[in-house]
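**Student:** Residue numbers (full-length UniProt numbering), protein chains in the order written: chain A, 1 to 218; chain H, 1 to 475; chain F, 1 to 253.
These are calculated hints, taken from the structure and not from any lab test.
All values derive from a computational prediction rather than experimental measurement.
We treat Cβ as the ideally placed atom computed from N, Cα and C, and that holds for glycine.
Have a look at the derived ranges for each label pair, beta carbon to beta carbon:
| # | chain 1 | residue 1 | chain 2 | residue 2 | range |
| --- | --- | --- | --- | --- | --- |
| 1 | F | A104 | H | R473 | 26 to 36 angstroms |
| 2 | F | A104 | A | E42 | 46 to 56 angstroms |
| 3 | F | D106 | H | L418 | 18 to 28 angstroms |
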Amino acid sequence: MSSTARDRIFARLHAARTTVSPYVPQGGTWQAPMLDKDQRIELLKKRMETVRSEVHVLPEAEWSAKLVELLKVREAKTLTYGHDAWFGGALRSKIKGKGMPRLVPYGENAEAFRDELFGIDVGITSTLGGIAENGTLIVWPTPQEPRLLSLVPTVHVALLKADTIHSTLAEAMREMRWAENMPTNALLISGPSKTADIEMTLAFGVHGPKELIVLVLE
Amino acid sequence: MGSQHLDFTANVTEALADRQLRANFKSALTGLMKKRVAVLPDAAERERMRDDAEAAKRKALAKLPELLERLERRCTENGIIVHWAETTAEANEIILGIMRSHDATKLVKGKSMVSEEMHLNHFLESHGIEALETDLGEFIIQLNHEPPSHIIVPAVHKNRQQVGRIFADNLEGIPYTDVVEELNAIARKTLREKFRTGHVGLSGVNFAVAETGTLVLVENEGNGRMCTTVPPVHVAVMGLEKVVESLSDLPPLLRLLTASATGQLVTTYVNCITSPRKDGERDGPKEIHLVILDNGRSKMLADAQLRRTLQCIRCGTCLNHCPVYIRIGGHAYGSVYPGPIGKILTPQIDGLADKGVLATASSLCNACEEVCPVRIPIPGIIRRMRTEAYDEKGDGVVKGHGAKKNLLETLVWKGWELTYRIPALNRFVVSMLGRFGDKLPNVGPLKAWTSVRTAPRFASKSLHQLAKEEGIRHE
Amino acid sequence: MAHTFTYPRDVKTVYYFGTCLVDMSFPQAGMAGIHLLRRAGVEVVFPQEQSCCGQPAYNSGFLEEARAVARAQIKAFSRADWPIVVPSGSCAGMMRHHYPEMFANDPEYFDVRKFSERVFELGDFLHNALHVRYEDKGKPVKVTWHSSCHAMREMGATAAAKALIGQLSNVELVEIEREYECCGFGGTFSIKQPEISAAMVADKIEDIRATGASAILSGDCGCLMNIGGAMEHKGVPVAPRHLAEFIWERING
Ligand code: SF4
Chain A
1 MSSTARDRIF ARLHAARTTV SPYVPQGGTW QAPMLDKDQR IELLKKRMET
51 VRSEVHVLPE AEWSAKLVEL LKVREAKTLT YGHDAWFGGA LRSKIKGKGM
101 PRLVPYGENA EAFRDELFGI DVGITSTLGG IAENGTLIVW PTPQEPRLLS
151 LVPTVHVALL KADTIHSTLA EAMREMRWAE NMPTNALLIS GPSKTADIEM
201 TLAFGVHGPK ELIVLVLE
Chain H
1 MGSQHLDFTA NVTEALADRQ LRANFKSALT GLMKKRVAVL PDAAERERMR
51 DDAEAAKRKA LAKLPELLER LERRCTENGI IVHWAETTAE ANEIILGIMR
101 SHDATKLVKG KSMVSEEMHL NHFLESHGIE ALETDLGEFI IQLNHEPPSH
151 IIVPAVHKNR QQVGRIFADN LEGIPYTDVV EELNAIARKT LREKFRTGHV
201 GLSGVNFAVA ETGTLVLVEN EGNGRMCTTV PPVHVAVMGL EKVVESLSDL
251 PPLLRLLTAS ATGQLVTTYV NCITSPRKDG ERDGPKEIHL VILDNGRSKM
301 LADAQLRRTL QCIRCGTCLN HCPVYIRIGG HAYGSVYPGP IGKILTPQID
351 GLADKGVLAT ASSLCNACEE VCPVRIPIPG IIRRMRTEAY DEKGDGVVKG
401 HGAKKNLLET LVWKGWELTY RIPALNRFVV SMLGRFGDKL PNVGPLKAWT
451 SVRTAPRFAS KSLHQLAKEE GIRHE
Chain F
1 MAHTFTYPRD VKTVYYFGTC LVDMSFPQAG MAGIHLLRRA GVEVVFPQEQ
51 SCCGQPAYNS GFLEEARAVA RAQIKAFSRA DWPIVVPSGS CAGMMRHHYP
101 EMFANDPEYF DVRKFSERVF ELGDFLHNAL HVRYEDKGKP VKVTWHSSCH
151 AMREMGATAA AKALIGQLSN VELVEIEREY ECCGFGGTFS IKQPEISAAM
201 VADKIEDIRA TGASAILSGD CGCLMNIGGA MEHKGVPVAP RHLAEFIWER
251 ING
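The following block holds chain A by itself, in its conformation from the complex:
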């Protein structure tokens, strides 16, 4: 049935050609501004903070100390991450002992891990970059760092290397060659999950993370 539906739809679409000569106006006139590195960091931070993300810019060597501090205040009990992520080893050596959450590496696959995952406090991921123009993180999940890490835990911590922040989305798409490399899932993330569906009152953490913490590593 659906193949004949397809034929009939395409017959109509092709026939429309004969009745309408399409006029296409000129596009390609808008571009968000290109920025230097400091401006990119500054704008990304500003944009993300306006949508209630917590952004800390710090030297790369200090990220784990900062993380310890953040986890302490939140009294996090569990933290999940990708075992083979670039920061995995450092995480295992620094996040331990009294007051620190139990580390739960993302299990074999979601079917087995899902129920445990829904109860975890913090998920930490790397990012592929950021975009200053709209204040977003570029997150392309991988076998090492699956998709649900940045979605299901109550707090999402993201590590962003400062020199991977792009000025604009268009630039990021070009430089990272999105068109040739689209992954299973490519995400832009600007902040914690939110809604304004009740009386236009903004509230955070409706389904996904209640907090997004970004550590920008210089």
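Mind docking chains H and F with the ligand on chain A? Use the hints.
**Tutor:** Below, chains H and F with the ligand without anything else, positioned relative to chain A:
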């Protein structure tokens, strides 16, 4: 199913009498209008974005068959299964088939206007399948058995007290509260459980990129990501006009969509889905289906003016700016798509006989056209609906063209034409009005006018006469 | 849709299109417009064969009737290529933007377009083409302003109207809330959807009342008839005035 009889006048009377409803709409929509301007402060830059967004959509429509073929090819290569549906009934059957093939009885849904157009929930429920809306606004009104009243903020007509009552009445063990934070927490708890246990996730599509076979979804809540990541099967539904040519078309479209819809620079998530779970990946659906719906769209493509309806990116800003929508709200339209876009889309889908009346509900103030991010000439298409409804020349193309044709109106307008085409007749009629104008019988159109206004007055001397008397040169 | 127009220079003569509503119900406003143009040193020609721009039929779905009436206007203003000045943003918008649309597929399209490019709204023309200067001779007064939707969105004439009012030193202009919103007239809309139209004009009146102004000015008699009629019906003591008539009175003391 989409074309139940619509008693628009009764709906309007009821809506206008509901002060609470009008207050809820007015405050919410005024807020959205202000937020839109705040996020697009530079008018010149905004117009450049609109140039690009309009061009991207018109280019896609100009190449629609090729782009859809390319989309289908790319998706298939990526492992997404593509289905075509001519009608909403076919689309429903396809989805039911997918559910059955997995013995699935629980569907968790992200926001999708096309699924509303299909009345999918009702259809699946009649086949014993739970179809649960997970967007907070949609969840609220589904609990209350109502359709959305707005395409972006579906529960905008409800205030917090009303939401509190809906939750308390419909969710087990939930006491009444009108604290927004608490209401959100209730929804979070209830729905996260549903995501965890859902069999199939359904979503709409904001843009389908032909170049890469990518489905782009924007959202703030995370329920869309949940529906497209947690269950083992994901079904995406889209109208066939959602395809764009390439990724490079996206930046201006995304920026304007979110700015127009909610006054945001970007949503919390831009979720680009290109394939099901690959070997070695640990989560995401193992199967993705894309259902592409026509339902009258391919017919719109065949007309240079009507095809511009298909540029719509469903941002909802024309609703927010519409003086009619602001006052009567979404339900009065008795259709899935209310407001200005609904006035041009609904009659084309459901026909002028049932829904042509929607096109009369416009003062043609042009506010919608002024803000539409892709510059759809909505007032012009509203006029076209009116013209097609009478179809004087007999060359109409919209379903139900000529449905409103009647002798009385035809005669009235013929008389009007003669009066204003023939100068001598015009002089005569105007002078008669000047002499007897205050004695016109207060019936019909005049009665409608004078219910809230004094009757128009006619001057004893027309401008033609005054100009002549003053010796103004007449050629 | 609002465009930046090219205004003619060194204007000596203009055509005046009075509009059907001004002709029947507001001829004094129409004459005031003529007087303002003549005061600016321009000769005004008023073809007696003119009648209506055709908008009522056009907006109601009766395209053929609208085209017939439009053709009659184009003919009435065809003997010279003077600018055509219209004391209504709505009718001007019809002639400027919609005439070419109505004849898009006809052989006369290019002639129609030339006609359309000669059409200007009165206040816009006085300000941007004739650069008039006014001296206020009236007593201090507080007024508010309503743009017709088409004066604002099709003819971009709002700024010019406010600039003209701004020249009147004893006139205080208080803007209304939601100035951008339609008053609910919309021609046959007010008759086809009387309840919605009534709700719109009722809100507009509340906003006008809130300014404390003693007069509501507009460049469009359709809106004035709607708002004025509704204010009179409700007993709201604010005077509806056409901009041209108001200015003419102020500068003549
Ligand atoms: S018609 Fe334009 S403004 Fe209205 S929903 Fe569609 S894109 Fe948005």
